[in-house]
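Colleague: Residue-level listing of the chains:
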Amino acid sequence: MYDITSDIVSLIKMSKVHTGIASVYARGSTAAIMIQENWDQSIQNDVVSLLNKMIPSGIWEHDRQDNNGDAHLKAGLVGPSETIPITGNNPGLSTWQNIFFCEFDGPRERREIVVTIIADN
Amino acid sequence: MYDITSDIVSLIKMSKVHTGIASVYARGSTAAIMIQENWDQSIQNDVVSLLNKMIPSGIWEHDRQDNNGDAHLKAGLVGPSETIPITGNNPGLSTWQNIFFCEFDGPRERREIVVTIIADN
Amino acid sequence: MYDITSDIVSLIKMSKVHTGIASVYARGSTAAIMIQENWDQSIQNDVVSLLNKMIPSGIWEHDRQDNNGDAHLKAGLVGPSETIPITGNNPGLSTWQNIFFCEFDGPRERREIVVTIIADN
Numbered sequence: 024m025y026d027i028t029s030d031i032v033s034l035i036k037m038s039k040v041h042t043g044i045a046s047v048y049a050r051g052s053t054a055a056i057m058i059q060e061n062w063d064q065s066i067q068n069d070v071v072s073l074l075n076k077m078i079p080s081g082i083w084e085h086d087r088q089d090n091n092g093d094a095h096l097k098a099g100l101v102g103p104s105e106t107i108p109i110t111g112n113n114p115g116l117s118t119w120q121n122i123f124f125c126e127f128d129g130p131r132e133r134r135e136i137v138v139t140i141i142a143d144n
Numbered sequence: 024m025y026d027i028t029s030d031i032v033s034l035i036k037m038s039k040v041h042t043g044i045a046s047v048y049a050r051g052s053t054a055a056i057m058i059q060e061n062w063d064q065s066i067q068n069d070v071v072s073l074l075n076k077m078i079p080s081g082i083w084e085h086d087r088q089d090n091n092g093d094a095h096l097k098a099g100l101v102g103p104s105e106t107i108p109i110t111g112n113n114p115g116l117s118t119w120q121n122i123f124f125c126e127f128d129g130p131r132e133r134r135e136i137v138v139t140i141i142a143d144n
Numbered sequence: 024m025y026d027i028t029s030d031i032v033s034l035i036k037m038s039k040v041h042t043g044i045a046s047v048y049a050r051g052s053t054a055a056i057m058i059q060e061n062w063d064q065s066i067q068n069d070v071v072s073l074l075n076k077m078i079p080s081g082i083w084e085h086d087r088q089d090n091n092g093d094a095h096l097k098a099g100l101v102g103p104s105e106t107i108p109i110t111g112n113n114p115g116l117s118t119w120q121n122i123f124f125c126e127f128d129g130p131r132e133r134r135e136i137v138v139t140i141i142a143d144n
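Residue numbers (the numbering used here), protein chains in the order written: chain A, 24 to 144; chain B, 24 to 144; chain C, 24 to 144.
Honestly, the hints are just simulated from the structure, not real lab data.
Listed below are the simulated DSS-like cross-link pairs for lysine-lysine, each with C-alpha atoms no more than 27 Å apart in a straight line:
1) A/Lys-76 - C/Lys-76
2) A/Lys-39 - C/Lys-39
3) B/Lys-76 - A/Lys-76
4) B/Lys-39 - A/Lys-39
5) B/Lys-39 - C/Lys-39
6) C/Lys-76 - B/Lys-76
Just the calculated beta-carbon pair ranges, DEER-fashion:
7) A/Gln-88 - C/Pro-130: 25 to 35 Å
8) A/Pro-130 - C/Lys-76: 27 to 37 Å
9) B/Arg-134 - C/Gly-111: 38 to 48 Å
10) C/Asn-90 - B/Asp-89: 32 to 42 Å
11) C/Asn-90 - B/Arg-133: 37 to 47 Å
12) A/Ser-29 - B/Asn-90: 22 to 32 Å
13) C/Glu-135 - B/Asn-112: 17 to 27 Å
14) A/His-41 - C/Lys-36: 28 to 38 Å
15) C/Gly-81 - A/His-41: 49 to 59 Å
16) B/Asn-112 - A/Glu-132: 42 to 52 Å
17) C/Ser-29 - A/Glu-84: 23 to 33 Å
18) C/Gly-111 - B/Trp-62: 35 to 45 Å
Here are some chain A residues the structure puts well away from chain C; computed CB gaps all over 10 Å:
19) Thr-28
20) Val-32
21) Trp-62
22) Asp-63
23) Gly-111
24) Trp-119
25) Pro-130
Backbone N, C-alpha and C fix where the C-beta goes; we use that ideal spot for every residue, glycine too.
Kindly generate the complete structure, drawing on both the sequences and the hints.
Modeller: Laid out in structure tokens, this is it:
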């Protein structure tokens with residue numbers, strides 16, 4: 024899990040949008056976006072443990088293709104998109120909410136995240 | 024689970040937006056937003072049972088900090104954001120869809136939900 | 024699981040929106056939207072297997088009403104909304120991301136999906 028909060032903060036600052044939404048989207052069918060605490064590493068480890076328990080590797084029909092069925096299932100369940108409010112030209116996160124990119128089939132050299140910032144009217 | 028549908032309806036009415044989206048966002052890393060039926064209490068009870076079975080309490084690394092690892096995991100999996108269409112100055116929900124705030128580590132005295140309403144063009 | 028990607032592409036083309044977001048919303052408390060690969064049928068079968076294992080049918084309080092508690096729970100967990108970026112008048116999906124309508128209590132004669140397209144500013 025990669026904390027991308029500071030990148031999203033920067034993009035919102037650059038946009039100068041005061042109130043609106045930031046749509047954060049992970050391009051990749053074995054990746055996802057999750058909002059989670061980042062006080063320390065513990066809850067990130069717990070997310071990995073939980074998903075590995077719920078969705079074990081090596082038992083899926085898709086594994087016959089490229090052996091990453093579990094990564095697709097985790098990505099589908101967590102989901103590639105989160106929509107975060109913008110308030111005061113900042114992401115409207117609570118104190119303990121951070122934005123994480125979840126890599127379920129990596130590491131990869133390159134991943135793309137699309138952030139779309141839209142002002143309210 | 025707290026049904027907040029009528030609050031969202033009121034905010035959309037006030038906005039006078041005819042068509043667009045309402046982004047509903049739970050500020051809090053142990054809370055989430057879920058769309059679910061509200062014919063009676065049964066499915067809400069089932070949601071709680073399911074999440075408690077999938078994500079039991081007391082077995083997480085994060086519990087050493089503040090003993091609420093399960094609440095964070097439930098929140099991360101369900102997710103804090105839902106984006107609901109607006110049609111005819113109303114939320115575009117089906118008959119049996121209601122909007123619920125999910126409290127996984129409460130009760131709390133105060134929780135914040137940010138609703139951002141954006142008209143389409 | 025029904026692949027609706029080409030319908031979303033058509034709607035985005037018709038809108039002539041170059042960059043922005045497309046909010047895809049399943050109207051129905053026993054249906055959902057999932058982004059997933061569609062190279063072949065395998066991962067779709069795996070999604071069905073996973074959800075049936077995680078959320079078996081016939082053991083829920085809601086089943087006493089209309090015997091579809093599992094369908095509601097699957098819908099709530101996967102979620103009815105996905106927000107997809109629009110780039111270059113196309114959905115900003117990666118090569119292996121397709122948009123699926125998930126029917127958990129069907130088949131039905133008719134289901135409604137609301138797609139709201141919003142340009143960025």
